[in-house]
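Asks: Using the hints, position chain B with the ligands against chain A.
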Amino acid sequence: MNAYVGTPTSRVDGRAKVTGAAKYAGEFPADRLLHGFVVEATISCGRIVRLDTNTAQQVKGVLDVLTHANRPPLADKDEAWKDEVAPDGSPFRPLYDDTIRFNGQPIALVVAEDWETAKFAATLVRVEYEQHGFATDLEGERSNAAEKDKPHKPRGDAAAALAGADVRHEADYVIPTEHHNPMELYATTAVWDDNGKLTIYDKTQGVQNVHKFLCGVFDKKPDDIRVASPYVGGAFGSGLRPQYQVVLATLGALALKRSVRVVLTRQQMYGLGYRPMTIERVGLGAKSDGTLDAITHEAIAVTSRYEDFARNDTGWAEQLYKSPNSRFSHKLVHLDVSTPCDMRAPGAASGVCALECAMDELAVALKLDPIELRLKCYSDHDQSENLPYTSKQLRECYARGADAFGWSRRNPAPRSMRDGKDLVGWGMATGVWEALQMPVAVRIVLTSNGHAEVSCAASDIGTGTYTIVAQVAADALGLPIENISVRLADSSLPQAPVEGGSWMAASSAHAVLAAAEEVRKELLGLAGKIPGSPLAGAKLADTVLIDGSIAGASDTSRAVSIADAMRHGGVERIEKEKLNQFDEDKKHARNTHSAVFAEVKVDEELGVIRVTRVVSAVAAGRILNTKTGRSQIMGSVVWGIGMALHEETVMDHRFGRIMNANIAEYHIPVNADVHDIDVIFVDEPDNRINKLGIKGLGEIGIVGVPAAIANAVYHATGKRIRRFPITLDKLLD
Amino acid sequence: MNNFQYARATDVADAIRLLAADPGAKLIAGGTNLIDLMKENVERPTRLIDISRLPLRKVEETPDGSLRIGALVPNSDLAYHPLIEQRYPLLASAILAGASAQLRNMASVGGNLMQRTRCAYFYDTATPCNKRHPGSGCSAMDGLNRNHAILGTSAACIATNPSDMSVALAALDALVHIAGPSGERTIALTDFHRLPGDKPHVDTNLGTGEIITAIELPPRGFAQNYSYLKIRDRMSYAFALVSVAAALELEGNAIGGARVALGGVAHKPWRSLEAEAALRGQAATPDHFSHAADLLLQGATTRSHNGFKVELARRAIVRTLTQAANATPQSQAHKKIA
Ligand SMILES: Cc1cc2nc3c(=O)[nH]c(=O)nc-3n(C[C@H](O)[C@H](O)[C@H](O)COP(=O)(O)OP(=O)(O)OC[C@H]3O[C@@H](n4cnc5c(N)ncnc54)[C@H](O)[C@@H]3O)c2cc1C
Ligand code: SF4
Chain A
1 MNAYVGTPTS RVDGRAKVTG AAKYAGEFPA DRLLHGFVVE ATISCGRIVR
51 LDTNTAQQVK GVLDVLTHAN RPPLADKDEA WKDEVAPDGS PFRPLYDDTI
101 RFNGQPIALV VAEDWETAKF AATLVRVEYE QHGFATDLEG ERSNAAEKDK
151 PHKPRGDAAA ALAGADVRHE ADYVIPTEHH NPMELYATTA VWDDNGKLTI
201 YDKTQGVQNV HKFLCGVFDK KPDDIRVASP YVGGAFGSGL RPQYQVVLAT
251 LGALALKRSV RVVLTRQQMY GLGYRPMTIE RVGLGAKSDG TLDAITHEAI
301 AVTSRYEDFA RNDTGWAEQL YKSPNSRFSH KLVHLDVSTP CDMRAPGAAS
351 GVCALECAMD ELAVALKLDP IELRLKCYSD HDQSENLPYT SKQLRECYAR
401 GADAFGWSRR NPAPRSMRDG KDLVGWGMAT GVWEALQMPV AVRIVLTSNG
451 HAEVSCAASD IGTGTYTIVA QVAADALGLP IENISVRLAD SSLPQAPVEG
501 GSWMAASSAH AVLAAAEEVR KELLGLAGKI PGSPLAGAKL ADTVLIDGSI
551 AGASDTSRAV SIADAMRHGG VERIEKEKLN QFDEDKKHAR NTHSAVFAEV
601 KVDEELGVIR VTRVVSAVAA GRILNTKTGR SQIMGSVVWG IGMALHEETV
651 MDHRFGRIMN ANIAEYHIPV NADVHDIDVI FVDEPDNRIN KLGIKGLGEI
701 GIVGVPAAIA NAVYHATGKR IRRFPITLDK LLD
Chain B
734 MNNFQYARAT DVADAIRLLA ADPGAKLIAG GTNLIDLMKE NVERPTRLID
784 ISRLPLRKVE ETPDGSLRIG ALVPNSDLAY HPLIEQRYPL LASAILAGAS
834 AQLRNMASVG GNLMQRTRCA YFYDTATPCN KRHPGSGCSA MDGLNRNHAI
884 LGTSAACIAT NPSDMSVALA ALDALVHIAG PSGERTIALT DFHRLPGDKP
934 HVDTNLGTGE IITAIELPPR GFAQNYSYLK IRDRMSYAFA LVSVAAALEL
984 EGNAIGGARV ALGGVAHKPW RSLEAEAALR GQAATPDHFS HAADLLLQGA
1034 TTRSHNGFKV ELARRAIVRT LTQAANATPQ SQAHKKIA
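Residue numbers (my numbering), protein chains in the order written: chain A, 1 to 733; chain B, 734 to 1071.
Source of the hints: derived by calculation from the structure; they are not laboratory data.
Source: prediction; values computed, not measured.
Yeah, the Cβ is synthetic: ideal placement off N, Cα and C, and Gly gets one too.
Incorrect hints may appear among the rest.
As the list claims (entries may be wrong) - Facing chain B, a subset of chain A residues (Cβ under 7 angstroms, in silico):
{"id": "1", "residue": "T42"}
{"id": "2", "residue": "F120"}
{"id": "3", "residue": "M659"}
{"id": "4", "residue": "A672"}
{"id": "5", "residue": "D729"}
Here chain A stands alone, though its shape is the one from the complex (with noise of 0.2 angstroms):
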């Protein structure tokens, strides 16, 4: 065991991807192809009173278009809308009626021979709208903010403890809309065969999830459908429900008995989902020892009138800190756009930035190192459910990461180190994350010739999963890693939730696991049946696979080769599926943290701000793979100095439309904008949360970042940034 797991092993599917052999789903091909391009509502609310498509229907190469008044049947219950993940609400149904509901709702699909005759012809599509008063903005909404649900149990009473506090700091801090701009569009291709099945290449973080949702939406039996996803472009998040584009094409596949493919453009990516502008109101209050005796978060957040997306920007504040008294509560504004959904730390990276943003504020107040604040305010228990952790190294966080970045050479007045024309900031934050685990089927098939192909339905959106799974089983078989092939991504593969929420790593690995095992147990019995066996007699839990071979655990060289243990008993395969399901512990809180420092150089008359360093210590258990887990921290970190810096939806809420809907206006940062960052993984290792002590590295990465900027900043320039992105005109006088 432990041959593959912990080291730096490079990517399996690595070759794949850089040479382009690896497809994706815009890029499967069928015979007879059919392209769709989609229209979209040029208003926010109101009702089609006249879709003229007559026109486009005339255009050589057009096979239909497809509209609310046409379209074959869809599903009439939200329940057959409702995917996995969906919140609470009546999911959005494209093309189903003539409501309009945002702006940019798609209302006709376009099928032709060809895209661009499809991307024309939409072109020629006349809408007439009856227009309704709508509303966009969240900051003119605001007072029109309902509880989401009722809100947690207040710790005593924070409203008086803040009112009477030595210090005291409250602060509204705004995170503005942004969107995920995977590298790879949303593309479906739906393959229609002659016996009317359909196999659905899409672009999803869950293939099951999309397969169960078009059962449902289309009235189709299981066998009848099958999706796959075998490369995913970059998801973080946006691909967690089922995108508009896989029902349109299956729409346009199920009308015209053909296979038909929709690819969105850029721009109209930017009608699906997308983390909500939040308003966050933090409040703190210390005693003059630097002790947090009071905590209020307040989060307001956008959602779409339909659904009641929401997610934990507030229990961070919760758990992270200790204060006798703290009260918490999770605003909706019910605004004429589309529904939000989860983007890479959701919840935590708006939530804690806002936090640590203001835990800076109060330890500039209180005339204390920002760490020293965050030390005295250090809890060994989960705040909110007074619960323990099963591990948390965030003080040796804090210790390697300070150590590492040279923190004690800090002066802590603002403004008062420099370089050249630059005003050096130099800043820190905490970071959070859950520690999530879910059950997962995985299938090993073991052939003679000691290779073994492993499959499972979880996808990989680009984060490392074949990678990890071909380590943990080449551990778990004792093969070469070369002799492990994995299948991932297809609807028919051994059950497996949707990838998202750092869960992956954990619950693959140790499905993973439990499959071996399955498969060690055979072999162990035909192993102790072979005449004057070393194993006979042997227990399943003393023995192990290494080098090819069953062993004895403490004495591998009492050993049977798989070969040998195979051609004995007369199997040529052995095929072996478990679902993995987690024990359930109430008695502890699981979660991954990270302490992140951060150098920026302001050009103090320019406003310039460059992020120079990003040192992040991490503390997430087990690092199966210590290659592809730094380029997970490193993109994070990337994507923190955006969020920062960067990153921001613009809309007219005249027009209740996005105006930056392309990478070009979208800013997030280039290469120029990148300078040294250090990742320190701590060790941390974790007995209790699960057998290899694995807790997931997707989203913590980037919880921290952007408050650690904003902090570097304010310690740079003295001035306090409190809306996001930081762009250099708030910085100038």
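Replies: Relative to chain A, chain B with the ligands alone:
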């Protein structure tokens, strides 16, 4: 995108003929701006006249010491041309501050001069815009105008010209050579782009049926003391909030001649002869630079979101002139502002 005809011009005369034959026709060179606008249905040409293979790719010295640059020279080739690097490094620097390496490889000199504004409303056919649809109104005026003009605006339009190259060309007193149905003519680059006035849909003074054949750089290249500084929302691959092309001729510490052009602030590269005259004969000091900046920004008017540009431009002008005076031009390759 609409359906369109395609024709490849065989020579300049052919291009002019094809243009005259179809009022809905458009020239296409690198296509990096036109195709984008066609995809957004902003431009809907009936015919594309492909000029990309015309023999307008030379960079030639003329007998009087000027440099003549064919309209189809790719932006990258121009920026890295030895004569440009040596004699007109300001132009090389401005080009390299623009777009991305891939785009610069495709983009032509002529296309760069003709590129249209990046005003978001201009790109969105669902919103009113006088430039796209004359008479429909200006959505930016009371809308999102953070990156809009502060100088030379009109009641009809507050858009900016997004080109970096043009800013350097304006500072260098470049000329634009044009061919058309009634022959050839030459205009100063500073007269090439228009202010929006009451006809914001007309970006330039290029006449109907005319084609840019070349630009010409006069002998004075300001190769010793120059700088191009572009301030934007990220360190690369973003349009200018404000950019400054500065060029000085120094005699000791005294300014013999000065040129300053601004990008990102107006519908055309912005120069002020008054400001340049005020610098002449003065010592190259921040105070004098600051005075010049005030003159350049005289009459600036702002809307709800772009007020910061005035102060930003003022500071950027001083910084760029300082860089030029110190012969420490802004690098376009470093990840920092000097
Ligand atoms: C994402 C992105 C970022 C960019 N960033 C920047 C930036 O930071 N700075 C910057 O300066 N630019 C930037 N650009 C714009 C780029 O510089 C222009 O798109 C390019 O210069 C246009 O040249 P082209 O040859 O591709 O023109 P085309 O797209 O072929 O043509 C543009 C226009 O010019 C006309 N035209 C072309 N040649 C001639 C001619 N010889 N005579 C008359 N008319 C002609 C065409 O009819 C058309 O109307 C960016 C572009 C993109 C897409
Ligand atoms: S500024 Fe000019 S381009 Fe922009 S909306 Fe107004 S008229 Fe159109």
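Asks: All hints, please: hold or fail.
Replies: Hint check:
{"no.": "1", "hint": "T42", "result": "4 angstroms, holds"}
{"no.": "2", "hint": "F120", "result": "6 angstroms, holds"}
{"no.": "3", "hint": "M659", "result": "4 angstroms, holds"}
{"no.": "4", "hint": "A672", "result": "4 angstroms, holds"}
{"no.": "5", "hint": "D729", "result": "4 angstroms, holds"}
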